[in-house]
Every structure is written in C-alpha cells, then in structure tokens.
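Can you join these two chains into the complex? Each is in its own frame, and there are hints to help.
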Amino acid sequence: MPALDVELKNDLCEITRLLNLVEQFAKDTGLPDDALNAVMLSLDEAVTNTINYGFPGGGIHCIRLTLRREPDSITSIIEDDGIPFNPLEAPEADLTSPIEDRPIGGLGIHFIRNYMDELYYRREDGKNIFTLVKKIS
Amino acid sequence: MAFCTLKELRGLAQLSVEGRIDGMSSPEVQQHLEQMIRDGKRYLLVDLASTTFLSSLGLRLFFAVQKELKKVGGELILFQVPEKLKSVFTVGGFDRFFRFVDTEQGLLDGEFLPLPAGPEEQIRPDGTVFRLREYDAVPETLALIGSSEKLSRADYQPEDVVPVPQGSYRYGTGLAASGEGYEEFKSLFGEALLLNHHFFYYPAVSRPAVDFMIYSGPGSNEEFRFLHGFGFGGSCRYVASFEAGRAYVTLDEIADWVLALPSGWPMAGMVLLAESKGIFGMNLKKSPIRENRPATGEEIFDGSQFPAWVNFPLEPADENHIVAAVGIACRDLSLCRPEVRKLFSRDTRSHLHGCVFQKGPIHKNPDAFEGELSRVLTELNPVRVQHLLGRSRFSSGVIGMIELKG
Numbered sequence: 001m002p003a004l005d006v007e008l009k010n011d012l013c014e015i016t017r018l019l020n021l022v023e024q025f026a027k028d029t030g031l032p033d034d035a036l037n038a039v040m041l042s043l044d045e046a047v048t049n050t051i052n053y054g055f056p057g058g059g060i061h062c063i064r065l066t067l068r069r070e071p072d073s074i075t076s077i078i079e080d081d082g083i084p085f086n087p088l089e090a091p092e093a094d095l096t097s098p099i100e101d102r103p104i105g106g107l108g109i110h111f112i113r114n115y116m117d118e119l120y121y122r123r124e125d126g127k128n129i130f131t132l133v134k135k136i137s
Numbered sequence: 001m002a003f004c005t006l007k008e009l010r011g012l013a014q015l016s017v018e019g020r021i022d023g024m025s026s027p028e029v030q031q032h033l034e035q036m037i038r039d040g041k042r043y044l045l046v047d048l049a050s051t052t053f054l055s056s057l058g059l060r061l062f063f064a065v066q067k068e069l070k071k072v073g074g075e076l077i078l079f080q081v082p083e084k085l086k087s088v089f090t091v092g093g094f095d096r097f098f099r100f101v102d103t104e105q106g107l108l109d110g111e112f113l114p115l116p117a118g119p120e121e122q123i124r125p126d127g128t129v130f131r132l133r134e135y136d137a138v139p140e141t142l143a144l145i146g147s148s149e150k151l152s153r154a155d156y157q158p159e160d161v162v163p164v165p166q167g168s169y170r171y172g173t174g175l176a177a178s179g180e181g182y183e184e185f186k187s188l189f190g191e192a193l194l195l196n197h198h199f200f201y202y203p204a205v206s207r208p209a210v211d212f213m214i215y216s217g218p219g220s221n222e223e224f225r226f227l228h229g230f231g232f233g234g235s236c237r238y239v240a241s242f243e244a245g246r247a248y249v250t251l252d253e254i255a256d257w258v259l260a261l262p263s264g265w266p267m268a269g270m271v272l273l274a275e276s277k278g279i280f281g282m283n284l285k286k287s288p289i290r291e292n293r294p295a296t297g298e299e300i301f302d303g304s305q306f307p308a309w310v311n312f313p314l315e316p317a318d319e320n321h322i323v324a325a326v327g328i329a330c331r332d333l334s335l336c337r338p339e340v341r342k343l344f345s346r347d348t349r350s351h352l353h354g355c356v357f358q359k360g361p362i363h364k365n366p367d368a369f370e371g372e373l374s375r376v377l378t379e380l381n382p383v384r385v386q387h388l389l390g391r392s393r394f395s396s397g398v399i400g401m402i403e404l405k406g
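Line order of the protein sequences matches chains Y and W. For the first sequence, the numbering used here assigns the number 1 to the initial residue and increments by one for each residue that follows. For the second sequence, the numbering used here assigns the number 1 to the initial residue and increments by one for each residue that follows.
Calculated directly from the structure, the hints in this document are not laboratory data.
Ranges of calculated distance between the beta carbons of each label pair, as one might list FRET restraints:
no., chain 1, residue 1, chain 2, residue 2, range
1, Y, Lys127, W, Glu104, 50 to 56 Å
2, Y, Arg64, W, Glu104, 43 to 49 Å
3, W, Leu108, Y, Pro32, 31 to 37 Å
4, Y, Met1, W, Arg375, 58 to 64 Å
5, Y, Pro71, W, Pro82, 24 to 30 Å
6, W, Asp95, Y, Met1, 33 to 39 Å
7, W, Asp95, Y, Glu118, 22 to 28 Å
8, Y, Cys62, W, Asp102, 40 to 46 Å
9, W, Arg391, Y, Cys13, 41 to 47 Å
10, Y, Thr16, W, Gln358, 32 to 38 Å
11, Y, Thr16, W, Pro262, 57 to 63 Å
12, W, Glu8, Y, Pro71, 47 to 53 Å
13, W, Glu8, Y, Leu88, 43 to 49 Å
All values derive from a computational prediction rather than experimental measurement. Think of the CB as a built atom: it goes at the ideal place given N, C-alpha and C, for glycine as much as any other residue.
Only chain W is shown next, with the shape it has when bound in the complex (with noise of 0.2 Å):
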C-alpha cells in the first residue's frame, strides 16, 4: 500500500509516496506521474521520504518515466532518498540516470528550479504564460495558391487543381491531395498541411472504417495537388513556449496574444506545436468536385448539404494528443489584400489547420524547437489533420511565427 500527495516544493511539482511502492500500489504512482507530464510539467519531483520499500517494478517505473522526460527535455528528479531504497537504484545499475538531492538547499545548488521571471517571461491575465525568444529574421509573403470560389458549390474541375511541387514551401495549408492522374486523387481532396516540407493530407472520405492519412517526406520529388491554400517559407522571428494559467488556453486567445506582440505585425505566420486539452476540428467528408456536386444546386454549407458535407465538432475531441499546427493570424483583415481576406472565416482572425499526432508529452524549450518538431513529425504516429476552430483547447506548447506582408 502507499498513499500518494501531490504538492509544489519551490516551484517544482512533487509526488510523496508513502509506504511501499511495489507491484500493487505502482500502477497508483505510475498515474500520477503520467498525470503532472499531461499537466505540462517537465521538472518531477519524487520524495521517498517516507517510502519503505521499492520493489524492481517501481524502479522500472520510474526508469520509463525517466526515458520519456529525457526525451522532451525534462528530468525525474529523486528527493530525499532513504539509503536501503538508493541501494536498490545502485544494484539495478540505474543510480547512473538519477540525480539524488536531499534537501531543498540541494535543489537550488543544483539549478533544478524555475528560472526567475526575465524580460522575455509575459503573465497574462488570466496566469497564463508565455516565455518568448528573438531570432534573426526577415518578413517574408504570403503565397496564395488556387481559389476557394468554387469550395461552397463543390466546383472543382481539373483545371483548378494546382500543382505544388515539394520543396515550394516551407508551411502551407489547404485542401489538397497527392497522385499522379486526375481520375486517380479526384476523390481524395481533403484538409492538408505542409510543415517543414513534409505533406500531410487526410483525404475526404466519409467512411470511418477507413479513415486513413497520406504522408510524404522532405526528400520526395512529389508534386501536391491543391485546390486552394496558402504557403509561405522563411524562418521564425519569435519562438515562444506557453503553459496555460487554467486547464487550458484556446487557439483564439494564442492568437491574440501573437497579434498583440510589441512588433505590431499585421500578418503573422503561426507554427504551433501544443499538447490537446480537446480539439475543435472540422473537415470535409466529401471531396468538393463537380462529380459530387448536390444534385439540387444547394451549397455545401448549406443547412441541408451541411451534415453529409462537414464534420462539425459539437465537443472537444483528441484530449491529451500532439497537435502540430501550421496558419496565419491576422490583426486587421481591412488592411490585407482582398484575396487575404478571403482566407478568413467571418468573425475569426485566425486560420489553422493542425495535424493530430499520437498522445504524449512535448519538449517545450523554445531553443528546441525546431528538434521537437522534427522528432514529431518523422517519429510520432499522425492521426488525422484538420481545420482547427478557434475554441480548441491547449495546456502548453510552443509557438513559431513568421512576419508576414499583409
């Protein structure tokens, strides 16, 4: 048996476990563990102040959890180690990837805290936090590829579809598909992403038993057909990590805060790497071309069509996965291009599409995001990509952006 408290020491999140950890009782711990990643800590500590006993499945435990945070640029911190328990660490040969400390005094000797707040560290009101990093970069245009005309009356003929060969941009995101032949990607049209030139597109067939996901990589000498989107290249002037203050913070309000920055841009490209608090997602169940067309001239978002047309999320889905997400934000659509606007739905200021990737925890130092995203995108399994409503919900993340030209 063992009684497991939750508490903060010094900023840092703490589990207590009291009695013994063994085969009975680490499922309990192992839960919790789990539970303070999902939260969005990184930096664990584990007392086993008054632990008694530590069977070789809480060692093995705590070595998994150890492996995981190790790879999202965390660390099991072990606190106040009983000697017959550091010995079970010696002999397993695991006392090698733990670091002991056994006082607080030894908590802050070994740089384990929270860093101070700095000048790059933003609270928001509601305790939300964003520690934002500067780089070198230059504004860079946006790229607007086909035309969404003929979306609604689901128009599209052959000579709409555009051809994006690989390597065009760096992010983009649209409706496309991949193939050789018209008559081949013709029903595939679906939500699609394009994220450090790797293509992902989730082909609009209403048919669950099948739902699949097409991939290609950076070093493909594919062409993506597209319907329409947009693409830009460049690479991010800001690099942002955020912790939501409450359980979550929506995409709405990581927009605003992007749009908010000192720099005042009217455009901003958004990368968004975040762990899921319940995603709003929408995507066609249909591909919009002629050949399926209603019958009765009625537009996909009509009332009538909408249902057999749009997955349209009622409730949060896909809580606790790995987004990556790819879009624009815009502070005043006024000021853009008339063809801009257009990218943008009535009322949202933000356009999105995300790919949804297996559950676990992501390495948020923003120096490391560029890393992070590159072990997402090649080493995770992706589920689905979709249109990401502005009420989708993130615990922590990080965030890229692009200046953009309006």
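Just chain Y, same shape as in the assembly (with noise of 0.2 Å):
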C-alpha cells in the first residue's frame, strides 16, 4: 500500500508543508478530489490545534504524520508527545446562534467528525496518537 511517513515541527509555518505533502501524496495515489479535501481539512485542523495548545511548556517538539492509502480509504495516523487531548471527547460547536453573538471558533472537531469517517484516540507512552479514516466511495 502507498504510504507518506512525515515529521513535523511544532510551528504553524508547518502546516503549509503539510498541505502540500498530502496534494502531493493524493496525486500520486490518485485520490478523488472530495477526499483530498477531507483530508486537507481536517489534518490542518488537528495538526494546528497540537501546535496551539499542546505544548504549553514551549520547546521544539515533533508531531509524525503517517498517511495510508487502502483501495476504498485513506487513513492518517497523527502522533505527537504533547500534554494528554482526546480529540473525541471535545465540545460539540454551537452552530444555531445568531450571526451578531457567534463566536469564532471551536469548530476545528466539528469539521473532523463531519469529513471522516472514523476515528479513534489512544495515548500510549506519553503520546497522543490520533487516527482519521476517510472512506472512498
């Protein structure tokens, strides 16, 4: 199976590369154009939310990506050694308030529960290990 194994560096100039290495990576396995942008979407969300708050004691840390490409899915594998977040347990976004008193933000999981298809959160010698499924139709 195709297969991306990236470092990244706890620097949001990183997401940039990122990007540009999951294009790069669903050209070559020929992925359809609503899965790339499920994937681009919600690895920029996760990614940059470990970035923001996950390391609060400062320092350069890496944050490894793997991407997976099966015949009907693509899985991304994020592992970082930030402080303990699973993604799974966060606050559902309010989406029905008025456009004058909405806040911005908090819609990073919300995007990722909606673009994927599975995902699963383990933290395993003191590492945050997150797991997104897209299926390909």
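Dropping the structure here:
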C-alpha cells in the first residue's frame, strides 16, 4: 500500500508543508478530490490544534504524520508527545446562535467529525495517537 | 499559497483567489478585503472558482468580514464556489450568512448590481459621485453663541462664558468646556462639537501623555460652557452620499458642491459623516483665558505665539478614521449678518469641527443616515475634536444639509 511518513515541527509554518505533501500524495495515489478535501481540512485542524495547544511548556517538538492509502480508504495517523488531549471528547460547536454573537472558533473538531468516517484516539508511551479514516466511495 | 487578483465585474469589486485559502494565505486575502472596504466598496464579490482549498481560518475570515459589512449596509457575495468548498460553509453552519452566486446572470437576478444613474445622482468632473435624497424640512436660523472677540488676545473671563443647556441646539460647533465652577473648567476650553445632542470636546491641554476627550450623551441635564460658537436645529433637507472619483475629495470641494445645489441657499448647515483619507485638523493647545494671556501682549496667532498656542497640521493625519463633523458653509459672505461673517476665516467658505473616531467603514445609504450617525456616536471611540481645514481629505461618506437663513 502506498504510504507517506513525515515529521513536522510544532510551528504553524509547517501546515503549508503538510498541505503540500498531502496534495502530492493524493496526486500520486489518485485520491478523489472530495476525499482529498476532507483529509486536508481535518489534518489542518488537528495539527494546528496540536501546535497551538499541545505544548504549553514550549520547546521544539516533533509531530509525526503517517498517511496510508488503501483501495477504499485513506488513513491518517497523527502522533505527538504533547499534553494528553482526546479530540473525541471535545464538546460540539454551537452552530445555531445568530450572526451577531456567534463566537469565532470551536469549529475544528466539528469539521473533523463531519468530514471523517472513523476516528480513534489512544494515549500510549506518553504520546497522543489520533487516527482518522476517510472512506472512498 | 494563493494568488489574489482584483478586478471589477459589472461594477462590483471582485477579488479572485487562486490556490489555497489557509493559515498562510488568509492574512493576504484579509488585507485585500479590508483595503476594498477602506476604498469605499460595500458589495464585495469573492470569486472562488480557482480556489482549491478553504480552511476554517478562511471561513472565519469571510464570516468576520461579512459581520462588518452587514453593519454598514454591505455584503460579501460568494461567486462561483466549487461544491467541495460550499460544503465547508454548510458543514460549518455558515452557509446561511452568505449568498452564493454561480453566474453573471445570477448577479443580475439577485439585484446585486449598482443601480443605474438616476436623476438624484451627480457625477462631478473629477469623477466624484454624489447621490442625493430630498426630504421635507424648513429653513432654520443660525444662533450665535458668545463672541470670538477675545480669542486672539486670549482674554476670556468668567463673565464671557455662555451656559448652553443640553438640548438647546441639535447641532453646534465652538470653543467650550463642561463642569460646574469656572475654576474647575477654565483651563479646559477646547474645540467642541454638538451632534444630535451628543456633546464632545477636546480640552486644550498640550500634554500628549494625557490626550483625552470629554463626552456627554443626550440624556444628561448638563449645561455646556461656551466661549464662542454657533448652533442650529432642524432636520436635513438633503442627504447625499459621496464617493471620491480619485483617491479623495477635499472638504472645500464638498462644501462647494453643497453650495452649488439648485436650491441656491445663502448658507447651509452641514452634518458630515465620512471616512478620512487624511485630516488637516487644528486645535488650541492652551485655554484662551486671561490667566494664560501672553505677557508680551502679543496675539496668540502671531508668529511668536502661534506654535505654543495652536496645533497646526503640516501633514494629513488620521487616515482611514471615521470623522463626524458639524458646521456651516456660505456661498456669499456679503449677504450675511456681519457677526456671521466673523465665523469664517479669511478666504474660507466653510467652518466645521469634526470628531475623529476609530478606524472603520461606515454605512453610506442616505436613507440610513440617522441610524448610522447614532451608531458612530454611541458605539465608536472618539479620539479628538478639531477644527477641520478645507484641505482635509475624504474617500467617501454621507452629508446632511440644513437650510440656514443668512
């Protein structure tokens, strides 16, 4: 199975590199546009969140991303040594309030839940391991 | 990465974004949109036909701009949005805040296009467009407050102070302060402005570290203390929006246009709400009371005294700030009462004081003028009040006109 294994630093500039790599991987493996969009959105949200909130103590950290293309799905695995954070337990965003008082933010996990088909989280050896699966129809 | 292209489509300002709108490129997209708003555009067409990706940051950016535009009677219209990007709006729950238009015909059908020039629209030779609305209103009388006789000698004394109770004049301009006893306010007289019974003044203290404004809302029972000035009431006979044809139009040009209206008023009361492209504003640095009088007996406008007394602008300031101003313009001073003539400095035909507010866009529909004035006066932060020189520049705005008997 085609796979991509990449290490990202905890720096927001890395998001551009991440998106470039995912786009290239999608091209190489013939990933449909919808699935690519879903993966880019979800990884952007998840990795941005890890960079912003995962390392309150600062310092340089490594975020490892693995992409695996299977015939009917694409799986992304994000591993980091940041503070424990289970995205599956994050509260739902409130999308019903009127335009004047809608808070900006709180959307990331909402996007991931909607665009992905299966999500798994585990904490292992001091690491967050977040697995996102997108089915390809 | 994204490439931004600006153009105009059927009279609407259009921004096309090619590539990804993500954390890296959204600041650039944001800058373009903000510049379009600063340039006076209210309907922004954002063309996403060649956009390959939209992250939640881009979504939040469009939403923030939409919120700002809705306040000022504008709209961000999404044009040619690919389905996969439309789903980002839908999934985020943001689709209901936007109109999506797929074709140029859709723009026509949706009535997004600027209205064709009607009889109320006038285009000046420099390209400046005025859109005029007329309302029922009767001529008003200009009331003079106090006297400017003692200004140049800085010789005001307690008996020169004219109390002006809140509610006396809807509009007014002058040199004033507020407070109870003369000792309390005597060193604070500065440029003042009354607009819809909101009173602002800029105490004439030349210590930049304590730059401050004093404000009273319409509900207060205060008496304001004027040294001199003028006031008037009534409602606007005309309200016009204007958009500069080049980078800006000056206050002098606006006054000339007001005075050239077919009605041919000898004198017009002006209420201006506009976006600055550089204000030339003047204000006193010392209260012109006898205690502060130059010991040498010179006038405060003499060369030797002027720098200490007057903050005189050499360069335009406060670009992109909102300015609310009140004053008068006169076609022919020889037709006026002598005491009215004194309100105009040599070679000028207008006299306005303006309150500079924070930066931002304003709502420019003439029919929404009163509401927009109220929003600016009550919600935005005032910075200072100054006498506006005629070369002050504005990109666009709304002006209310009240007929005054000479």
